[in-house]
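*Asks:* The residues making up each chain are set out below.
Number of protein chains: 2
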Amino acid sequence: MVRPSRPDLEVVGVFNPGAIRYGKEIILLLRVAEAPVKRAENEVAAAVFDHSSGKLEIKRWSRDTPGIDVSDPRTIILDGRMWLTSISHFRLARSTDGIHFDVDATPAMQAATELEAFGVEDPRITLLDGTYWINYTAVSQHGIATGLASTRDFRTYQRHGIIFSPPNRDVTIFPDRIAGRYAALHRPMPEGLGEPAIWIAWSPDLFDWGHHLPVASARRNTWDDLKIGGGAVPFHVKAGSTDAWLAIYHGVTRTPLTYSLGALLLDGRDPSKVLGRSRDPILAPEAPYEREGFFAKVVFTCGAIPEGDLVRVYYGAADGVTAVADLSVSDILAGLE
Amino acid sequence: MVRPSRPDLEVVGVFNPGAIRYGKEIILLLRVAEAPVKRAENEVAAAVFDHSSGKLEIKRWSRDTPGIDVSDPRTIILDGRMWLTSISHFRLARSTDGIHFDVDATPAMQAATELEAFGVEDPRITLLDGTYWINYTAVSQHGIATGLASTRDFRTYQRHGIIFSPPNRDVTIFPDRIAGRYAALHRPMPEGLGEPAIWIAWSPDLFDWGHHLPVASARRNTWDDLKIGGGAVPFHVKAGSTDAWLAIYHGVTRTPLTYSLGALLLDGRDPSKVLGRSRDPILAPEAPYEREGFFAKVVFTCGAIPEGDLVRVYYGAADGVTAVADLSVSDILAGLE
Chain P
-16 MVRPSRPDLE VVGVFNPGAI RYGKEIILLL RVAEAPVKRA ENEVAAAVFD
34 HSSGKLEIKR WSRDTPGIDV SDPRTIILDG RMWLTSISHF RLARSTDGIH
84 FDVDATPAMQ AATELEAFGV EDPRITLLDG TYWINYTAVS QHGIATGLAS
134 TRDFRTYQRH GIIFSPPNRD VTIFPDRIAG RYAALHRPMP EGLGEPAIWI
184 AWSPDLFDWG HHLPVASARR NTWDDLKIGG GAVPFHVKAG STDAWLAIYH
234 GVTRTPLTYS LGALLLDGRD PSKVLGRSRD PILAPEAPYE REGFFAKVVF
284 TCGAIPEGDL VRVYYGAADG VTAVADLSVS DILAGLE
Chain X
-16 MVRPSRPDLE VVGVFNPGAI RYGKEIILLL RVAEAPVKRA ENEVAAAVFD
34 HSSGKLEIKR WSRDTPGIDV SDPRTIILDG RMWLTSISHF RLARSTDGIH
84 FDVDATPAMQ AATELEAFGV EDPRITLLDG TYWINYTAVS QHGIATGLAS
134 TRDFRTYQRH GIIFSPPNRD VTIFPDRIAG RYAALHRPMP EGLGEPAIWI
184 AWSPDLFDWG HHLPVASARR NTWDDLKIGG GAVPFHVKAG STDAWLAIYH
234 GVTRTPLTYS LGALLLDGRD PSKVLGRSRD PILAPEAPYE REGFFAKVVF
284 TCGAIPEGDL VRVYYGAADG VTAVADLSVS DILAGLE
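As they're listed, the protein sequences go chains P and X. Under the numbering used here, think of the first position of the first sequence as -16, with each following residue one higher. Under the numbering used here, think of the first position of the second sequence as -16, with each following residue one higher.
By construction, these hints were calculated from the structure, which means they are not laboratory data. Among the hints, a few may not be true.
All copies of an identical chain are treated as equivalent in the list; a pair is satisfied when it fits inside any one copy or across any two copies.
Once the Cα atoms are required to be at most 30 angstroms apart in a straight line, the calculated DSSO-like pairs of lysine-lysine come out as [what the hints assert, rightly or not]:
id	residue 1	residue 2
1	Lys256	Lys210
2	Lys210	Lys42
3	Lys256	Lys38
4	Lys7	Lys280
5	Lys280	Lys38
6	Lys256	Lys7
7	Lys256	Lys42
8	Lys280	Lys21
9	Lys210	Lys7
10	Lys42	Lys21
11	Lys21	Lys256
12	Lys21	Lys38
13	Lys221	Lys38
Isolated chain P (complex conformation) (with noise of 0.2 angstroms):
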């Protein structure tokens, strides 16, 4: 369904969208993975973003290459620099019942600053204030980064800059202040001392982060005890008769390497405060096209709509395609521990 942005590049997955209500539509920010087009079976290509000439450049090896490393089908690795074989953009698709979508035929945001030469991906949509704001993981050479885009149209888009420096991603900013504070979840990756697990910023204007605060680690002996990540942007709900937070995250659990969704329940005035935690998985990779794919057995989301007791969740399917499930909140309330 999704054309590539360039005839010399194909679409290899379309997936982890960004979700939201626009007036009497739903909104999809689709990432769309795009390898460059194969011009010799023994080569090997990347697409990169090249901040001095402004313009997406594709560079071609020989899998013959002195000293190339290409046994991770994801990576490219020479002389000791990383390149991707892939490279994400985000593409606007539009749907009056959830279902049905309409996908544009060019790129709402694509690599545009030195920090995105490897792409844009993972988008999560937040209505504050009148205006959407997009975050989203910007990758290159320098790491993988959390910016910050706005807009209030869904035609043009605006850059804020990176919000949080490397090792960072899986951001999901709250739809509300808090106590008059703009609240994020976002998942740093500390190697050799440190855990990984979902933290807490906080920030008086959406573009300064501070205050930052572990709120959930990966469990040991779980669907999430390798490693856990913020998924779609927080909701609020009634837990009984307390305001919460349902936040859906996802877990990774190993042997085999799995993705997985499930829940947060925080509290609505301190959502540091983990209220309750999903004890199973409230969606696991079951389909065909959850259980094989680019990346297999993976459910991922960066956006869901709850309406009433029910929250669709978009999901991207084995990083290839885009999926939907609906889930019941109460379900998910009783799951919890």
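Starting from the structure of chain P, add chain X where the hints point.
*Replies:* Using the frame of chain P, we list chain X on its own:
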């Protein structure tokens, strides 16, 4: 010269001090590393701040514990968790000549939060608006983060939470607003994709940071080819007729692993722009106390005091002792490329 903070701890290192003028004195905030006094030959031990009890607890294990990994003398790994064999706090030292110091008998700041459970390290002190701002490395099971505290009198200290989430350290806050905003160099530590680099961030209030941008990366085949990070708080210099910032930083090379100091000359109005960088180290491990010790071949600064053409650099040597060197600013400038 430095007494332990408790009878069951011994001082194993006094290094990496923050340094600043305070009235007629030079103040150092020394990083004092302590380890539990051994009770048995066959034991390993860690001192950890326990947030629930509010106390420093000493944990002891036999080296024969099944599954224990004590191959690195700095760490104890057991059951997937890591502990440190030493814990650091800050101790105040005062001097009227900058060479002879009186060291306080008790800590100025020590582990006091969950995110400081493994200690506080590597303080940098910046004077802004009459307040001394101390940023430091907060170490815990949650990773290596940067915390912020402040004092007006070096008697009482107020914490302001985590300003850079893990993995991030080696932060230096500029001692002036630049175009109305505060600025800091920081050193995120991406793994996999991303290079070790010094970044800049901006803040309206010192607590919330954004607009992150890379400033300088490790350079190939040099004294700083493995990693680099901030060192002393930057200070104003005139480079010819140009107002600029001089930032003394540390660079690391391997074979053998060596930490040296160099300088970055940064644009006075936009310190994300590098005007010059030391071709060769301005200080490298040469003296016996720099070349041998707990961590050999290390010179590492957290504070320097400029006066005219001289800059007095306080630095940790071999992660064991505190040393001082007077360098010529004009020599540093002449060695930039």
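*Asks:* Hints first: check each against the structure and report whether it holds.
*Replies:* Consistency of the hints with the structure:
In this homomeric assembly, Lys256 and Lys210 come within 30 angstroms of each other (Cα to Cα) only inside a single copy, at 19 angstroms, whereas the closest approach across copies is 37 angstroms. With identical chains, the CA atoms of Lys210 and Lys42 are at most 30 angstroms apart between copies only, with a shortest distance of 27 angstroms across copies and 33 angstroms within one. In this homomeric assembly, Lys256 and Lys38 come within 30 angstroms of each other (Cα to Cα) only across copies, at 23 angstroms, whereas the closest approach inside a single copy is 45 angstroms. In this homomeric assembly, Lys7 and Lys280 never come within 30 angstroms of each other (Cα to Cα): the closest approach is 34 angstroms inside a single copy and 65 angstroms across copies.
For the identical chains of this complex, Lys280 and Lys38 are neighbours neither inside a copy (35 angstroms) nor across copies (44 angstroms), given an alpha-carbon limit of 30 angstroms. Within a single copy, Lys256 and Lys7 get their C-alpha atoms no closer than 34 angstroms, and across copies no closer than 46 angstroms, so neither meets the 30 angstroms cut-off. For the homomeric pair Lys256 and Lys42, the shortest alpha-carbon distance between copies (28 angstroms) is at most 30 angstroms, but the shortest distance inside one copy (47 angstroms) is not. Within a single copy, Lys280 and Lys21 get their C-alpha atoms as close as 27 angstroms, which meets the 30 angstroms cut-off; across copies the closest is 49 angstroms, which misses it.
For the identical chains of this complex, Lys210 and Lys7 are neighbours neither inside a copy (37 angstroms) nor across copies (52 angstroms), given an alpha-carbon limit of 30 angstroms. In this homomeric assembly, Lys42 and Lys21 come within 30 angstroms of each other (Cα to Cα) only inside a single copy, at 11 angstroms, whereas the closest approach across copies is 58 angstroms. When the C-alpha separation of Lys21 and Lys256 is checked against a cutoff of 30 angstroms, the pair qualifies neither within a copy, at 50 angstroms, nor between copies, at 39 angstroms. In this homomeric assembly, Lys21 and Lys38 come within 30 angstroms of each other (Cα to Cα) only inside a single copy, at 20 angstroms, whereas the closest approach across copies is 62 angstroms.
With identical chains, the CA atoms of Lys221 and Lys38 are never at most 30 angstroms apart, being 49 angstroms at best within one copy and 38 angstroms at best between copies.
Hint check: violations occur at hints 4, 5, 6, 9, 11 and 13; the rest are consistent with the structure.
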